[in-house]
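Asker: Residues per chain, in single letters:
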Amino acid sequence: MAKKKIIVVGGGLSGLMATMKICEAGGEVDLFSYCPVKRSHSLCAQGGINACMNTKGENDSIWEHFDDTVYGGDFLADQGAVKGMVEAAPKLIKMFDRMGVPFTRTAEGVLDLRNFGGQKNKRTCFAGSTTGQQLLYALDEQVRKWEVNGAVKKYEFWEFIKVIKNKEGVCRGIVAQNMNSMEIKAFRADTTILATGGPGMVFGRCTASTICNGSAVSAVYQQGAYLGNIEFIQIHPTAIPGTDKNRLMSEACRGEGGRVWTYKDGQPWYFLEEMYPAYGNLVPRDVASRAIYDVCVNQGLGVNGENRVYLDLSHIDGHYLERKLGGILEMYSEFVGDDPRKVPMQIYPSVHYSMGGIWVDAKHNTNIPGLMASGECDYQYHGANRLGANSLLSAAYSGTVSGPEAMRWAKEGDRGSELTDEDLAKAQQACVDEFEAILKMDGEENAHELHHELGDVMNKYVTIVRVNKELDYCYDEVKKILKRWDNIGVSDKGHWANQEAMFVRQLRNMIVYAMAVTKAARMRDESRGAHYKPEFPERDDERFLKTTIVEFDAATSDAKISYIDFDHSQIKPRPRNYAVAKKEDK
Amino acid sequence: MADQNKKTVTFIIERQDSPTSAPYTEEFEVAYRPALNVVAALMEIQKNPVTKSGKKTTPVVWECNCLEKVCGACMMVINGKARQACAALIDQLQQPIRLAPARTFPVIRDLLIDRAVMFESLKRIQGWVNVDGTWEVKDAPIQNPYTAQTAYEISHCMTCGCCMEACPNVGPQSDFIGPAPTVQAHLFNLHPLGKFDKETRLNALMEKGGITSCGNSQNCVEACPKSIKLTTYLAQLNRDVNKQAIKNIFNN
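Protein chains in written order, with the numbering used here: chain A, 2 to 587; chain B, 3 to 254.
It should be emphasised that the hints constitute simulated quantities derived from the structure, not laboratory data. Hints may contain errors.
[To be verified] Here are the simulated DSSO-like cross-link-like pairs (lysine-lysine), alpha carbons at most 27 Å apart as the crow flies:
#1 A/K163 <-> A/K6
#2 B/K49 <-> A/K461
#3 A/K6 <-> B/K125
#4 B/K58 <-> A/K494
#5 A/K5 <-> B/K125
#6 B/K140 <-> A/K95
#7 B/K197 <-> A/K95
#8 B/K197 <-> A/K494
Make the full structure from the sequences, and use the hints.
Answerer: Rendered as structure tokens:
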């Protein structure tokens, strides 16, 4: 029997984990990525990966990790999925350890653990302050071994364009484009997994890599895939504001004792410690970001009148900082010019992560049969707010679910008819026509300027504070930008490494993605996790303890919103308040 | 006159339309702003691809991802030195700023280069720990924290290629696989499970283009943006390879 062929799009932590699982199950993988997989955005994760190792004498438990995650996510995460993830976490850490991830160790040589936001126990394994880089490299190495064994064929510098469905509506392949030769080609697959990461670039400046544009997610959304909880965008409280990007300053800074403050009446005001005595500087990200916003924007107490507050490590021993946080302190010195060991850093919240994404079932199948999603591009594990150091965990864990399920589907799934050569040629030609049309675009708008405007409007209206009237305005503005996309002029008309034309195609997908986020935010009239509406300051479980589903309306490009139930059977929803110690209703 | 005081930054960029076409230069002017870096300046050129003399042109092509000096993508030659463009701050560069592709590697277009050879070399040195699988086996072995810290340092290598560009022995005149992939062998030799395959890796480094092709010019350690002590580990590997060679003689 021929080997099962799985296409994995995206070579970050989730895509590589899925790839390994598929290889181990005897499948073959065509691995598509914009970039050499070793340069995927997973490597930007800094602070660590959560797992209940319980090696610090704190009686940590998997249940506590479960409860922290669900509580941190304001009860919107699928509890069955979260349970599976936290149970697998310690095993995943041991696997990474065997693979050679250079985790930071204690004097006796076992993995060290640090504190992180929204968790009282030390539960975060880390490799200095470059944990994502180290985890990604380990899987990159393992997948290279499978490549040598012949089970993996890498298509690096290939961009995913769309999926191909057969006449029964089952995904049976993809169309992709070589980013150098501009060749557009259709590929067959028994199952396709998207592991394409987050949509940061939809917001312009953010902490994400330039490759995190949500374009692939938007493409399959426009082909009928549902999006889930797409309005939940994490704003990380501590980033270095920049004009090209906001550079992340890890939550590990606070985990290792960093304090957030600003001047009030001439005195340092440690406002997080004052507002949230139980958790202090280690409140979850949505809470910290709102507090910093309030202090700067509403109270006008930002440093030097600007939207900045201090993140202070200068009271901590320099050698300790070097060992635990070396990489990012060097980054701050390099990009800002100040030494954080000596002076407090200046930071402000920034768009960072998407809790929402493509809707998937418990096994990571989308509503399009044969198409799966895992990693940040899925919606599954974080509810309304993700806890720090749970993203590397969900990325790796989701790959351990999607990989084997992709093989199961390839063997037993109801896949319908094979794609004929004619089907492939047709799908390919449609993408070629679309690309040639982009090359001919001769309007007045510059795609990069238009992208800048999109980012500005999304940052202004769909981040920390959301107001219905403004969301309506924003939706109209984004729709106008979509219209203006038609009037783009392309200066590069060539068929060799034409980054401009590819960006134009991505931009359209980003605009459509932005509309989905904005509409979903508009419709959810409550405050929950990262989604905060002053008009509706309370969580409304009666109406909104539900997963948002967004469907694409092909006729108008509008986003259609509905809500479905999800699994919240194990931990009963209770009020979320980080001013006091967390207590579970039993 | 505010306009006259408006500071600008001048770039002279070496461009090339395809792998086989001749290079040429174009000059660009970008508005200055504090903390501007080379990638951010290239992004400004994308928004308005017009040369200093007012000629409309195509946007400059280059590779970048993270802009935090951790992905390794945006390596190029800036004022004669191979480095990451995202961390090259305009304030610290002499103007006009000259950008060129790292020609140790084949040029694809403009500043975009093909570094596939580095990833291929990682296959040759067997740059991985031979785990049985992703499944649960048992607890991973305890590790000496000092050794682990050395491993952590080497594991920062982002395959950017600065050391390859700086090394006089990497290029068409030599078959040397270069400092970065060579030193990665040491990383896996340090790991308690990875060291089971140490002999295989050392034997691979004895072959053509391996460590004997290192001319000890010590340029690599200066060029490494991650401050990896490349020459120290090359020396260590050299000793290990020599010991292995003697062992091989006695075993044959």
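Asker: To test your reading of the hints: which numbers does this structure violate?
Answerer: Checked against the structure, the only hint that fails is number 8, while the rest are satisfied.
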